[in-house]
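Peer 1: Could you build the full structure based on these sequences and the hints that come with them?
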Amino acid sequence: MEAGELLRANRRAKLEALRERGVDPYPARFVVDGRVSEIVARFEGADAASLESGAQRVRVGGRVTAVRGHGKAAFIDLSDGDGRLQAHLRRDVLGEETFSLLDNLDLGDFWGVDGVLFRTRTHELTVKAERLVVLAKALAPWPEKWHGLTDHEQRARQRYLDLATNPQSRRVFLARAAAVREIRTFLEARGFVEVETPMMQPIAGGATARPFVTHHNTLDLDLYLRIAPELYLKRLVVGGIERVFEINRSFRNEGISTHHNPEFTMLEFYWAYADYRNLMDLTEEMLCQVASKVAGTEVLPWGEEHVNLARPWRRLGMREAVLAYSDLQPENLGERAALEAAARRFGIADVPRLSSGKLLAELFEATAESRLLDPTFVTDFPADISPLAKRKPEDPELTERFELYLGGMELANAFSELNDPDDQRRRFEEQARATGGVVDEDYVLALEHGMPPTAGEGIGIDRLVMLLTGSRSIRDVILFPLLRPRDD
RNA sequence: GGGUCGUUAGCUCAGCCGGCAGAGCAGCGGGCUUUUAACCCGAAGGUCGUGGGUUCGAUCCCCACACGACCCA
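Per the working numbering, residue 21 is the first one in the first sequence, and the count goes up by one each step.
In case anyone wonders, no lab produced these hints; they're calculated from the structure. Quantities reported herein were computed from a predicted structural model and do not represent experimental measurements. The C-beta atom is built at its ideal place from N, Cα and C for all residues, glycine as well. You may find that some hints are simply not true.
Stated by the list, open to error - Restraint ranges, calculated between C-beta atoms of paired labels, are given here:
| id | residue 1 | residue 2 | range |
| --- | --- | --- | --- |
| 1 | Ala33 | Gly323 | 42 to 52 Å |
| 2 | Asp440 | Thr238 | 16 to 26 Å |
| 3 | Thr238 | Ser493 | 35 to 45 Å |
| 4 | Ala37 | Ser493 | 42 to 52 Å |
| 5 | Arg364 | Ala198 | 38 to 48 Å |
| 6 | Arg111 | Glu72 | 19 to 29 Å |
| 7 | Ala452 | Val319 | 42 to 52 Å |
Peer 2: See below:
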């Protein structure tokens, strides 16, 4: 028998030993007086003398994370993930029979005790167990107690082990929950209504990305997992929900990297009677509030450096950003031929096929994106890569759009929404010619019924959580990131 | 897409110039009634990611593949 199997066999033998003694290793219930951390908090201030006189009884259960045997006595640590409480097991208190249950205890099991609280000579709050009960036997061996799991892959594949043994991982996912909660609080305080819109869509619109395809059998209909909720949320604005948001998953059938997971969580919100400038102000306010509440600071550690959210955030045209972060000159960004030459210099693929706006955007990504550490609103996006954004009145080749960059990554994308149905149809048609999509007539029809002037924004929640927790990979902030299946 | 690095016991990690595979934790046996990374004694535990190649001999060198981490575009 190999080592791993032997460890399992040992545990299974203990399980059988319990059953032979008439002990159910998976009892249906064990009523507790509270979670371990609640009990620890409740008696935090109680000193040894008051516990001595009070005879305070508690019933508590938890995962056994350490056992320290002393012959006719032992200490076991019970953990609830947030905290631990030790129990003192004494043979003379429990009796020979109950005390011998310890022989069948393994790290990772859930056990419960019932007893009286006291403080040891090192003043640690401890339960003197008068009952000892197995609550759930663990049959698989647990990782080592000092380091937990370190291998990134295994941490993601067996997230439960990561969460249970690495406090930092637990902090990341609790911070994630807190961030989402803060965003909801912030938006609801401003009258935004949370909705859910289709994840399966007959036309995958609202962004440019390859979609996942699925099929509805009864309707015999191909459907796409949404790449963005945008076009449905704007239909709701047409319907009179003038402040609306959704926090949920979108799906893009593209590469996986430290900044990309095929399914990811996005906040999208739409705000009638606002424009993209209002969105910049709101975004500053929202993200600063979330950072203060969740991370406790607006200066966030980011690798060797920091991302400083101090307001006001920089606002920079896309063109200006390229000029600022490369040796390119204004004339290199002018005529088509010059632009193509510049793009080739930076190793951009398929140069002749790309529109001039796309070339500029590619140059931006190649030169400036990774260097934008502190928050920067990049504005003045070309109209030909912004088919859903309103044109700038003073320059119809540009749009009222920005993307927010920080920590060298894109965090948000926002614009004054295009609400002219005729212009929208033309832009869809241009896009269809260029990239082979279809015109979403149903959406244009909605616009034909009239959408008020509206601003809308999408914020990548996973990347926001990366920033708030100092995580350099999106896989560290997604509980179960997509991984290649392992065949073993 | 290109490059660099990693994969050794259940877990965390060593392993020098190619010559019998090492430790801590966990597990197993024994001891110990206030310990807390408990401690003390003892005996175990390995397809060195997978497949090829070079060599008298490969965890180690070469090639390919798988999975992962990081960097670049």
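Peer 1: Which constraints among the numbered hints does this structure fail? Numbers only, ascending.
Peer 2: 2
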